[in-house]
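The listed protein sequences correspond, in order, to chains A and B. 381 is the number that the numbering used here gives the last residue of the first sequence; the numbers go up by one with no jumps. 1401 is the number that the numbering used here gives the last residue of the second sequence; the numbers go up by one with no jumps.
In short, the hints are calculated from the structure, not lab data. Treat the hints with care, as some may be off.
With beta-carbon atoms standing in for the labels, derived distance ranges [said to hold, decoys possible]:
(1) A/Ile174 <-> B/Arg1106: 17 to 25 Å
(2) A/Glu94 <-> B/Leu1343: 19 to 27 Å
(3) B/Val1021 <-> A/Ile44: 53 to 61 Å
(4) B/Ser1084 <-> A/Ile22: 49 to 57 Å
(5) B/Ala1245 <-> A/Arg6: 47 to 55 Å
(6) A/Val31 <-> B/Trp1386: 28 to 36 Å
(7) A/Arg256 <-> B/Arg1074: 27 to 35 Å
(8) B/Arg1162 <-> A/Ala84: 40 to 48 Å
Cβ coordinates follow ideal geometry from the N, Cα and C atoms, glycine included.
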Amino acid sequence: MKEILRTWQREYGIIFTDGGLILIFFAAILVYPLFTTVPYSPEILREIPVAVVDQDHSRLSRQLVRMTDATESMRVTSTPLNLAEARRQLLAKETCGIIVVPHDFQRSILRNKRATVAVFSDATYFLIYRQILTGMVGIGQSLSATIEIERMGMAGLPYLRAQSAREPLSLKSIPLFNPSGGYASYLMPAVLMVLLQQTLLIGIGMLRGTASEMPRQTMPRRGNVIGTVLGRTGAYMSIYVVHAVYFFLILFRFYRYPQHADVMTLGMILLPFLLAAVFLGQAVAELFLRRELSLLAVAPLSILALFIAGFSWPAESIPSWLRTLSFLLPSTSGIDGFFRVNLMGADLRDIAGNLGILWGLAAGYFALACLSLRYGIKRRS
Amino acid sequence: MKTSMAREEQKTKRGFITVLVRESGRIASNPLYAIFTFVVPLAVFALLCTIFHEGVPRELPLLVYDADQSSFSRQLIRMLDASSTIRVVPAPSGIEEGRRLVLSGRGYAFIVIPENLEENILTGRPSEVIEYYNNQFLLPASLVDRDVKKAVATLSGGVELRLRQKYGETREAALAHLQPILIDSHALFNPQLNYVYFLVNTLLPTMLQIFILMVSVYALGIELKDGTAGEWFDAAGGNTLKAVAGKLLPHTLCFLCIGFFMNTLLFRFLGVPLRGSIVIIMLSTALLVCAYQSLALFFVAVTANMRLALSFSAFYAAPAFAFVGITFPTIGMPLAGKIWGSLLPLSHYLSILVDQSLRGAPVSMSLPSIAVLTAFALIPSAAVMWRFKKLMTVNTYWGRS
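If we strip away everything but chain B, and leave its shape as in the complex, we get (with noise of 0.2 Å):
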């Protein structure tokens, strides 16, 4: 009788909270996990801010050569001095030293100003200014590029409209001629075209999963390494969710504190616009990192091996945002590119992440993105709940490394 209670009240300490415990000191024991959790990612989202700080580039380095040498040309390449994108670079002797330059990475972009240009302009001849352009470099190059033709479009336009209104025009028609079709071009959501908002804000997330699914992997897979799993079912009194609860409980949690500062970051100190729901965002964050442990999960349970899961989790997760599509949208990509792309919770994560913040997007239109996070949470751990419980009791699934 009083031996079957004490094997009773054993029972009930050794379950949940005895696994919480246990992994709460393993975690303090191995600085890894601190490393790996906090460190490096706190680092690499420093890293990435001081990156893009700039938000939109500026002072990118444009060569001109100035065949002409008049008032005409240095009021056209004052202009282009004046963009907040361009830094102008005299290219001196010519055409030549131009293309080397940019070849040799002095320059984005390379235009020429040909001889007699203000003399033919005078004099009312068409003259055209030609630039090279490095689009290897398509970021900068289309920057230069864009606003070398607003200088030029603007010079041209004043000439025109002074030999239009000396023809007797008024200022309005003369106008209407210069281009009967204007286009007003508006950039939704994003209207200085921000890098921060664009980039920043989706590549956070991005090295967040990596962290977790990582860190996640190691932590279920170094029991089976160092064949500690069966003391761990037993800690769990022999109940394969309760130790696995309470094992990836505490790294939900330090998960939880990166992930919520990552929104603080964005939000807070990067003035990435909130237009929607932070609730929802908020909720989307702690569903990301379920559903990444998840999948952790999954990898190891499949494997049985840590190491083989580690090497399946980099190569899930680190040419994510290749399939995300925020730099190549999704409507571009061939369908399987689609579908390994939906195949990641990273991309329902961002897509609720930029409805919310940029678009203000109501909250209806990210709640099947929330059902599918929620799914992925579920659906690979209660796949492999059976098969995990043999990996911690059959002690031949241990020591592979």
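Bound conformation, chain A alone (with noise of 0.2 Å):
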């Protein structure tokens, strides 16, 4: 117990007058959540810049190029003459779809025949190919409606009144979760929990590194290495428990991401994770010998940590054995697990599955942690 609170104060001793120490622990958590959400700030994509080709001219094709104005997901920009042109203008990128209406247009909703509107969206980037799609998809369908309405009118049957107001079989989509699909609000939490993990990795490495590389003033010659693991684990797990504090508490709801779990809850799944990437840290941290290479070897492996996690790219779709894998690193679990209660109100018993590997990890990890020291302390004496 004595060996635990040394350690802590230790540690505390080296973190807070270390100006490195201080850029990883602290300004990085501070600053790196402002600045990587700039990008996906606006949420949504809006006023997409599209091209229509209007070769009809008609009353109804002008209403369809002023109802894709409309759209809050569309802007038409410009209107050129022919197909060759607007491919010109969409590599050039001054716009990101072309709309064709055709000659035929209006004739042929007129003689109750269909009319095709073609649509070609920039699928370099996916995200304006789904915008376009979506809204062009959502036109079509009032300006159908519209249309049908007008002839229900003239035809006044009676089994078209009935049917037309409504397909034989409809579906109903509803989003269970974040319903306006921000983009932010996806992203962001992921982001977080990697932040947490990496700089933990990171900064705890760059701890042992510095001990390597000036053994005489910090490495324990003997002693108890579980009280010397905890004791560290203490001092870590205390500065953590502020960064959460300010992640989930403060930014969440600062940039206003969903938020349905309690603080409690929220605890329970972070509580295991911190841990497991603490002792994950002490695991790693005899590799690296100086104090350079932490932040060379973790850093670049950030990304990976994001889409290994399963929910941008599906898990399914991720060969099982590096799925398997990939439960080492604690943001896997963690991602998910904080995904389920805090961004979709799931509560504990729906992720036992994720605390249990966390758990899991943490233990294995305390474990590997304890050897490691051991290995370190046998080095050097």
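Hey, can you piece these two chains together into the complex? The hints should help.
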């Protein structure tokens, strides 16, 4: 116990007097979330520039152009005369989509034939493609409905009135969570979790690297290995609990990200997540014989941790052996569990699997951390 | 006379080649360089290729609660299951169970087929299938939703068509009534919406730039930290330009190998369409390497501290993907995001890459971005050259960690 408190205090002493560590443990945590949110801060892609090639110039085609311009997702920025010119503009990135209204558009509709509107959208950017498609399908449906109602009035057929008001079988799609499909609310919570994990790994690695460079000052010659690991854990955990409060109670409110879980539930997932990361950090720290190595090794892997977590790219599509390996990173279960309880409002029983893995990792990495520290002491003496 | 000749001879010996040889020796004797130039980047490439190997997600679980249990509802389920995107998972005990299963991650969406569906359809009463989809998992949910919509619309169209034909309408007129306006959508440049072309194509260079920057910063900064900068400067015969060029060239060549391998991997083995100029892509890859090396010199010179420079590099390069406008396009970003994105060589490189691979744009369209990459390769390093000389010669800058 004495060993724990002494180590705890000593770690504080090192961390708070080392500019490099303050940068990783505090400055990065403070600035990084504010910085990475910038590109996504509008949440939704609006007013995508599109070109309309109107070959019909009729009342209906003009109505379609007006409706396109009026939707939130699109803005008609050019009306080229032909498709070739429209293609050139799209290649030059002046527009992101082309809508072609055929020359017999109105005539077909008036003759009770089906009219086809071709939409070409830039699928080098999936978000643009999806927004244009969703917008145009919506416009097609509402214009179709208007036309059908006009026709019904003209025809006055009883069966048409009954049938055309609604399709025989329709689908009502209800988004369960993140209803607006906001991009920041979707991505940032995961980025924050990865940031907690990665800064812990880098910081702890840097601490041990520094100790390796100057063995006399910071390395306990002998003594209680478990006590040292726990003391260090106490120091890091106390700092990261403050960070978690900053991220998930202050920033979440500031950015209005969905927040379904209460503080207790959040703690139940964040505690094993942070513990697992802290022990993992200590387990691998002895590999970093020099101060800068952890930065070099851990920082580039953040993107990988994010894509392997199974929330942006579906877990079902990742080969199962790799999926299994990915659970060795606390971020994989941490992000999934956090998403479910905090963003989707699941309760702890729905994420029992994630919690089990995280506690398992914490226990396993604790043992590894002790072994690794013992090896480190042996190597130096 | 003789001694001055010897000195002259020594001076010519010391210079670019000496530094080049010295650095090659350093690279060979420190396994870190091999690890972070070859082993880790290639492993990361392999992992990214493995993660996204399907290209288009398949067999995503969709929970179905069938309250009707009729031949019609089974027909709908068969149609859903036939989609390559969807794998139907029955949720037999109702809506509450379906919700739970979505929450615990057993399905990306949950559909409820109402009671008496078949009876309603046969008697001409409109019916509704309800789908709850998990929008927090944006990508898989939207794929499942798209195919559910398609299946329901097809089924509904078939029913209506039969109904109208029964009332004596021609097939064509009936079709026109179903939906007078049809939206015929074309996904340009990537018709299958393949994630290998979209993400792997852009993520590999993103990973590469992190390693170029960090390894170059390490190679330059370690001389300051270890206090060997003076010896390095002497080896160059006191010429800053020769010292820097000789030092960085071996790394340039190593990263060029990786970069060209990356392009081969993308276009040969992963089948990313190459509709533009491979020469322009290769040239840009070379410029990308030089641009990040130039920035490495800049960061080391400005901070005069390797670890601080590495921290800056991590801050600069690791979140770059958020700003390059691939997943969240540049047109949607606020001004600050656009400005920061334009300060990253990666953004310009990816714009060339996408233009010359998927989009098949004319070469002339990529020239401005090539000019910007060249500027990145020249300006930051030129700007700090005088300061770097000071770092190499004044030993108070050495030994900082």
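- Message: Can you tell me whether the CB distance of serine 1084 of chain B to isoleucine 22 of chain A sits inside 49 to 57 Å?
- Response: For serine 1084 of chain B and isoleucine 22 of chain A the Cβ distance comes to about 52 Å; the hint holds.
- Item | glutamate 94 of chain A versus leucine 1343 of chain B beta-carbon gap, inside 19 to 27 Å or not | Cβ of glutamate 94 of chain A to Cβ of leucine 1343 of chain B: about 23 Å, so the range 19 to 27 Å holds.
- Task: For valine 31 of chain A and tryptophan 1386 of chain B, compare the CB-CB distance with the range 28 to 36 Å and indicate the outcome.
- Result: This hint holds: roughly 30 Å between Cβ atoms.
- Could you see if the CB distance from isoleucine 174 of chain A to arginine 1106 of chain B stays within 17 to 25 Å? Because 18 Å falls inside the window, the suggested range holds.
- Could you say whether the range 47 to 55 Å given as a hint is met by the Cβ separation of alanine 1245 of chain B and arginine 6 of chain A? holds, 51 Å
- Message: Within 40 to 48 Å: is that where the Cβ-Cβ distance between arginine 1162 of chain B and alanine 84 of chain A falls?
- Response: holds, 43 Å
- Could one say that the CB atoms of valine 1021 of chain B and isoleucine 44 of chain A fall in the range 53 to 61 Å? Holds: the Cβ-Cβ distance is about 56 Å, inside 53 to 61 Å.
- Message: Verify the CB-CB distance for arginine 256 of chain A and arginine 1074 of chain B against the hinted window 27 to 35 Å.
- Response: Violated - the Cβ-Cβ distance for arginine 256 of chain A and arginine 1074 of chain B, about 44 Å, lies outside 27 to 35 Å.
Checked against the numbered hints above, the structure violates only hint 7.
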